[in-house]
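Use these hints to put chains H, P and B onto chain W, whose structure you have.
So the protein lines, in turn, are chains W, H, P and B. Going by this note's numbering, the first residue of the first sequence is number 1124, and it counts up by one from there. Going by this note's numbering, the first residue of the second sequence is number 1124, and it counts up by one from there. Going by this note's numbering, the first residue of the third sequence is number 1124, and it counts up by one from there. Going by this note's numbering, the first residue of the fourth sequence is number 1124, and it counts up by one from there.
It should be emphasised that the hints constitute simulated quantities derived from the structure, not laboratory data. Mixed in with the good hints there might be a few duds.
Intra- or inter-copy, both count: the list cannot distinguish identical chains.
What the hints assert, rightly or not - Calculated cross-link-like contacts (lysine to aspartate or glutamate; reagent style EDC-like; alpha-carbon spacing at most 20 Å): (1) 1372 x 1386; (2) 1372 x 1326; (3) 1256 x 1380; (4) 1372 x 1396; (5) 1256 x 1386; (6) 1128 x 1391; (7) 1256 x 1404.
Number of protein chains: 4
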Amino acid sequence: MERVKIGVIGAGRIGKIHIDNLLRLPQVEVAAIGDLFAGPELLAWAAQRGIHSVTQDASAVINHPDIAAIYICSSTDTHVPLITRAAQAGKHIFCEKPVSMDIAQTEEALQAVRRAGVQLQVGFNRRFDHNFKRVREHVLAGAIGEPHIVKITSRDPNPPHNDYIRASGGIFMDMMIHDFDIARYVCGSEVEEVYAQGGVLIDPVFAEHGDIDTAVVTLRFSNGALGVIDNSRRAVYGYDQRVEVFGTKGSVSIANDHPNTAELSTAEGIVREKPLYFFLERYSEAYMEETRIFVDCLVSGKPVPVDGGDGLQAERIASAAKLSHRLGRPVKLAEIGAQLEQASAGE
Amino acid sequence: MERVKIGVIGAGRIGKIHIDNLLRLPQVEVAAIGDLFAGPELLAWAAQRGIHSVTQDASAVINHPDIAAIYICSSTDTHVPLITRAAQAGKHIFCEKPVSMDIAQTEEALQAVRRAGVQLQVGFNRRFDHNFKRVREHVLAGAIGEPHIVKITSRDPNPPHNDYIRASGGIFMDMMIHDFDIARYVCGSEVEEVYAQGGVLIDPVFAEHGDIDTAVVTLRFSNGALGVIDNSRRAVYGYDQRVEVFGTKGSVSIANDHPNTAELSTAEGIVREKPLYFFLERYSEAYMEETRIFVDCLVSGKPVPVDGGDGLQAERIASAAKLSHRLGRPVKLAEIGAQLEQASAGE
Amino acid sequence: MERVKIGVIGAGRIGKIHIDNLLRLPQVEVAAIGDLFAGPELLAWAAQRGIHSVTQDASAVINHPDIAAIYICSSTDTHVPLITRAAQAGKHIFCEKPVSMDIAQTEEALQAVRRAGVQLQVGFNRRFDHNFKRVREHVLAGAIGEPHIVKITSRDPNPPHNDYIRASGGIFMDMMIHDFDIARYVCGSEVEEVYAQGGVLIDPVFAEHGDIDTAVVTLRFSNGALGVIDNSRRAVYGYDQRVEVFGTKGSVSIANDHPNTAELSTAEGIVREKPLYFFLERYSEAYMEETRIFVDCLVSGKPVPVDGGDGLQAERIASAAKLSHRLGRPVKLAEIGAQLEQASAGE
Amino acid sequence: MERVKIGVIGAGRIGKIHIDNLLRLPQVEVAAIGDLFAGPELLAWAAQRGIHSVTQDASAVINHPDIAAIYICSSTDTHVPLITRAAQAGKHIFCEKPVSMDIAQTEEALQAVRRAGVQLQVGFNRRFDHNFKRVREHVLAGAIGEPHIVKITSRDPNPPHNDYIRASGGIFMDMMIHDFDIARYVCGSEVEEVYAQGGVLIDPVFAEHGDIDTAVVTLRFSNGALGVIDNSRRAVYGYDQRVEVFGTKGSVSIANDHPNTAELSTAEGIVREKPLYFFLERYSEAYMEETRIFVDCLVSGKPVPVDGGDGLQAERIASAAKLSHRLGRPVKLAEIGAQLEQASAGE
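Chain W on its own, in the form it takes in the complex (with noise of 0.2 Å):
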């Protein structure tokens, strides 16, 4: 079996997370790194692994006729144009979230994709979860009948640092963007409509940023269901990922995952620990999953499960989020981008 090389462009914690993932896969080869602050100890990480090729180059990674996909793991700037190239040169492209945080950028990427032919899967990990596909599972075999009321509970265990904060995109299009990805995915609806309500109630920082650090957010879908998610950037008991779809005939609901099932019984109380602390300890087995799956639909040519569609129309509802939120109204998807642009002007 001939394997498939792939390329990989940003190795920081995310892009050697997915290194080490397709490592895992026998039919994979991992043939080039390309990372803008590539050095010896890249070098030596990679060695360890046996891939040799490592360059402070894209270019080259994306050219290299013998890679048949691109991994962009480098940061979200460099998105837009990063896929432009790669499908450019034909190849495949896997692109962490967000596509970018300007929809006319993405859909340009977007398009750029769909005239060279190639597969774009977006990086909404948490599709892969074992506890949100059982969701998802259970909506589509109709276990809960017809979608009512969709519940987000999205909380982080400790706030990015500063300057991570600066650069985000804000809490609506860094943090909250995966949990629009998984409203459409557990409701099997869109969105059409979005109030956004906020604060900064954990840290200053965020304000002098312009953010915010805690969200709650009501959604309006397309099949009359409603939703609303709760983002916070500190839940001090840990990673709390939480969702409950409710229906006609039922409801169903996910609970945290937990280092494991002990529970302590004292004179003061009954115990158990704290959930998963934060992503990469709640969704490794999702990392894994999303890019094992990747691989096969490029063995096989069927279409990845979360496409540019996915990754536009995410970014679109944490637009509308947005929007709303600076003016106090619910917004329309249908007003996001005319809307947008003519807000974006007065400000």
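This is chains H, P and B only, laid out in the frame that chain W set:
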């Protein structure tokens, strides 16, 4: 020990529950029952309990010289006149929720209460429930730090019948009013702004009455916290009553009560029973407790724990939610009542 | 409706519970209380409840011509003579467990009951508990198929005081006797063999009384099922009352009841409260229910659900466990009582 | 870094798992596979993994000069000779459980290991499981004080096939041996006495092999604690793996692992999924972890965490249980082996 004599007006389902609970208190005598539709059946029911004064005339109960307090359990439209007359007669009052569906009328009733210097407890029974109380205690004790997000789920197992819907005042005033009260109770802060979404997803009969059957309402509290309440008129798995308060130091949440803890593991899965069916089962102890405490306050002269002001505040939030739903925009509590009247005028 | 008149002998803690429960039944009148130590305090307590006949003379209660049934709640050593006299007086009997600590005497009492044709219900309150009942129902309904393994955990929050231990009859006759009854009840089969292990692990005071404080007993049922019961006199986290029945089609298990469902998530972990403290809290509804059903049987003439034979059988298992522990080998139920006497002889 | 070369003998189901886990460790090279039945299929399977040395001759693996350690995953009857030869060849050894079914032979193997000064780790994989480890940690940390009662439930989803049963050594040596090891592990004390009850309740085929399919075994530990283990060869709801340790300061217990946390609430009840199906699913991470730690010990020279003495002790308890079941009385560990031989003689 002289027993406190109490009169009960309205001996329907909820009135009978209050009577049976009053009879379990050794320091109480149920001295008279007034019910517009009193007939042989009610006379027999009362006689079995040693109550021999049953009348169709509420005034006879209110003006009974030995009676110290009146339970008002008749239909909502009678609450304000009965409160007013009972107050004028110098009786303490326990009144079922809501006091009325009109802020101005409720204020009028409260004024009568204040003028008479009597006590008025409003029947927000959930405050006396073991679970909700525990949430409140944890929040007050600072166990979760400053509250940031309040989430309330409240779903009935089945819609009420047609006649009930017509006179109910709508989902916000009839059903979610309990949740508005609980929101204030567990957050320890006042609601300042409301945004209400809703739809008719269960039964078109709600639309016929200008009502909805499914609603998601977001709240903004004066301490900066955000809140969300979801209501459904039909959860096929039973009465769903959950609350979560999330804050700087953690989160406290309550799950539903179940008829037993039995778990059946078979080849099909792990099954436990649905929650307690409806409010009579779920809150039977809370009804007892609210009456026990009301009587304690009567005897000791201590102020009742849920007074007319609490009743009024919940009604104001319900009115704001109703208005928000009609206007499709967030409504500040400060807009109620001026806006309310204006809005009504425009209807 | 004429009310059933009931006399209560022994108005200690458990007697008072039965009296208060009897008072909640409209078809019952507590006509007299007999207590060896009746004094002003008991008189006042009874008067508050409208009971004005309080005596130190049990005979006066037993022979009271209007009284139809006697509750025997006095110390265990008085049970057999009181049952005998009450039966001879033609009264139905509710007797606290155990009937006695001596199989021969218990059989004597049961003979008196049979001869008199009265009913005798033994106070195995757990059979009326919502959880244990549900286990039994599932087993009877065939939900778990043929039972193979029965597991019972039963631990007290705190050891009884010294005087109680001395007169208790030991852990098997005083505490585990409930579990022996539940084992028969949930398995639907008789115990044929017992092996008892135990030790003094909590407090040497148990050794002083020839007793133990921790025990693990295995059972063999006549249907081939195996069982195990563990008892401890001190579980610092509270009253631990669990059962599991495992069979060909699955398993049914019950968890403890808790005062509320609140769960507190903090940086330290996820905490919920300890189980309900002890039998008074845990089984308050079960006590009510056993009395309600006893009275129903009196009124309807139906046979009581836990009769003298059940009391005897549990005592026989307890005796076998005691013997097994002394001899360090499994003991067949068939060995009780010949073996018992022989063993006693050798002591 | 030079990689540790490891040879694997026996490439059946469990051998393949160990090979795949070894391949995930960058510091390891699987240098050779020895399997009596090695054929084209195994050659292809190995080649896919880059292993090109596959032989039917175990000696070639054992005597391979570059190989530092041997995994023995062949049938139980080959363990003792292979351990002996591997030890004589100066190789470190990982051996699947049990070392053998005969105490004397196991002792012989351990002596060879001691003489050669090599390490021997026995495959008690559950010690490396997240749940069991946590129980142990809590007990060691004193969180539950002095252990008083240890309860272990261990039930397989389905009986093994006929051939397996015949050669298995019986339920105590094949299945409960894991629980005997866990009992020592979580209690932190040695077993001194065993009483075993059991029966053929699932399938008469067990009786044909002189085996049983359901067993309840009680233990007495040298620290005074009592224990109980229940085993069933068929739990229709899946692999049931639970432990509870109860002591002076409380209790720690573990529940089963489930494939996800989804809970479905419908008109029929609240349902979640069955536990992970069997040991391959349930302990996949534990298998990885035991290999990771074995290799760490090889590299660092630290002693392995589960050595031959642990293997021997579990076998001694299994032998005692077997004997107890045959004799129908408790058996002290001190009786094994003299008694064993005597008992065997009488068979």
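Item checked: Intra- versus inter-copy proximity for residue 1404 and residue 1256 (alpha-carbon distance at most 20 Å) -> Both. Shortest intra-copy (17 Å) and inter-copy (18 Å) distances satisfy the 20 Å Cα cut-off.
Margin query: Within, between, both or neither: how does the pair residue 1372, residue 1396 come out at a Cα-Cα threshold of 20 Å?
Written below: Answer is between; shortest inter-copy Cα gap is 16 Å, intra-copy 33 Å.
Margin query: Within, between, both or neither: how does the pair residue 1372, residue 1326 come out at a Cα-Cα threshold of 20 Å?
Written below: between (42 Å within a copy, 14 Å between copies)
Next item on the list: Could you place residue 1256 and residue 1386 in one of the four classes (within, between, both, neither) given a Cα distance threshold of 20 Å?
Entry: between (27 Å within a copy, 13 Å between copies)
Check: Taking 20 Å as the upper bound on the Cα-Cα distance, should residue 1372 and residue 1386 be classified as within, between, both, or neither?
Finding: between (33 Å within a copy, 14 Å between copies)
Margin query: Treating 20 Å as the Cα threshold, decide for residue 1256 and residue 1380: within, between, both or neither.
Written below: both (14 Å within a copy, 17 Å between copies)
Margin query: With identical chains, the pair residue 1128 and residue 1391 could be close in the same copy or across copies; at 20 Å between alpha carbons, which is it: within, between, both, or neither?
Written below: Classified as neither; 56 Å inside a copy, 43 Å across copies.
Checked against the numbered hints given earlier, the structure breaks only hint 6 and satisfies all the rest.
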